[in-house]
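If you read the protein sequences in the order shown, they are chains A and B. Heads up: the first sequence runs through residues 176 to 514, numbered per the numbering used here. Heads up: the second sequence runs through residues 1308 to 1576, numbered per the numbering used here.
Possibly wrong hints are sitting among the right ones.
Stated by the list, open to error - Straight-line distance between alpha carbons at most 20 Å, and here's what the computed EDC-like set of lysine to aspartate or glutamate pairs gives:
#: 1; chain 1: B; residue 1: K1570; chain 2: A; residue 2: D275
#: 2; chain 1: B; residue 1: K1321; chain 2: A; residue 2: D473
#: 3; chain 1: A; residue 1: K495; chain 2: A; residue 2: D473
#: 4; chain 1: B; residue 1: K1361; chain 2: B; residue 2: D1452
Hints are computed from structural coordinates only; laboratory data are not their basis. Just so it is clear, the structure is predicted and the values come from calculations on it, not from any experiment.
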Amino acid sequence: MSTETMVEQQTVGTAPGNAAPTIAGVGRRGQVQGQVILEASSLTKRFKSMVAVDDLNLTVRTGEVLGFLGPNGAGKSTTVGMILGLIRPSSGTVRIAGQDLASNASLVSENIGAIIENPAFYPYMSGRDNLRAHAMAVGKIPESRIDSLLELVNLSERARHKYKTYSLGMKQRLGIASTLLTDPALVILDEPTNGLDPAGQREIRAIIPRLADQGHGVLLASHMLHEVEQVSDRVLIVRRGRLITEGSVDDLLRRGGYIEVSVPGYDPELAQKAIRPVQQIEQVTIENGKLIVVAPEDVGSALNRALVEQGIFASAIMPKHSTLEDLFLELTDETEEPA
Amino acid sequence: MMHLLRSEIFRLRKRPQAWILALIMVLAVGAFYVALAIAASVISDPESTEDSLKLPNIFENGMQIATLIGYILTVVLASGLIGNEYSWNTIRPLLARARSRSALLSAKWLTVLLYSIGLFLIGFIATIAFSAVTSAIVGGFESVDAATIGDWIVAFGRTLVSQLPYAALAFALALITRSNAVGIAVGIGLGFLEPAIWGLLGLVTDAFDEVRKFGLEYPSTLLFNMNSGFDDNVSSGEAWRAVATLGVWVAIMVGATYYFFNKRDVTSG
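Please work from the sequences and hints to get the whole structure.
Printed below as a string of structure tokens:
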């Protein structure tokens, strides 16, 4: 199927919630990204003298997973709380589906489904009854929707068991089913894999991109870097309530990339001198007998040619990407900025 | 708001506590009448005890028990209806579902009111049933006329007006402190301690005897005693003043909950 065909199909009334799917881009998995469903501008929250969130801007489009990264205490949950209307911003605005949340509190229930930290349900009721209670609170949600969501999160067999007997993974999956009850344009998942075993984490991670593929915008607040790296289209990193960087995952990963050149049997310092004239090289260092070249990936052949001209034959020239973890640790390094 | 109310009542219906409290009410009333019936069958002069079993006298007997038990149970449930939302962390997803905080709070207040009325009604019906059965067994069954039923309805209304402010107090305190335990402790504790507090303050100056009338206990007891026949000399003016005083207290409690619930950030719980 061509991208154009996919775009056409996405735009004909398939977007969840109230979001009108104006095409704005294509995500990492080729999914269509539509209109801005969430726009937070200059969001600030002060708790007495402490600034929990400081002049934060973020947008989420339908069909996009925005990874919202930050160490514990960075202000992620406070930001989510403000987006959901649970916490009043000290300043700044939250616009949902183009409308100001401050003047219309019902925008949250109409457009957003959210798990905040840990899923919370009534322990004395079954998973199914918990979803029914949520569905009743909203109204106009058919029973068949509840059944299909239980199926989606693989809870049909345990649907009639009491919530208090569920494992943490089952609770999280029920939470995700609950967020999707209203087919919201935006799904907010705040630390959705917290406390889960690896199998449970994998299950949740598998669900998240599917949500975006179905046209939901997803705001994934997490400190689990590999999780965000795997499923997000864009990443926003905050520290102490302030935005420190933002961009597509691919761009951010490229930002910390380098080329590793192996020259076994040759003097690495000679090799270092040999490639210095190559243009676009920003930096060359020697680590463990290998050359670490900070340069765009496409200079690999130029490096090889320069080495061969000096009679040096490299056994490997490999572009290396840094991980989001490297970038995150570099950006959130506490030694950079004293408290 | 009707959606939220439906959801509240659905959750209440599914909540074992709601049914257990109703069962406690029925069992307490039943135990009282069974004990009276046993007493009537073993004592040498059972006339007054047999009278206590009879239908026309239910508000002097079984409904006293139902009112006392109902007061405690409604405090427990009212407090739990909001306090547990905080302890289970369900308040945040619930707020995210609600069109507005006021709508959610209104649905909760209505649920407290409906459940409290329902619980006292169960106590009332249980009292009638046990009174009829035990008096028939002991041999002193007496039917009631329309005028007595009319008196019952008025007395039942007085029971609600005198007891519901304590449920409202428990709900309000549980919400303001985000604690189920505080709602229950103060809701029940105040009912028992307020007379003692006023008594002690009355020793300081007689002025407190007048101030006491604007508390919860005085008007509540006044209305309660009208039902039990302990005080037949209450004027209509005094009764309405008691109703108004309790109404003002309930309005303050309701107002405080709307103020705090709408104003506060929900950062945890």
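Task: Non-conforming hints, listed in increasing numerical order - done: Those not satisfied come down to hint 2.
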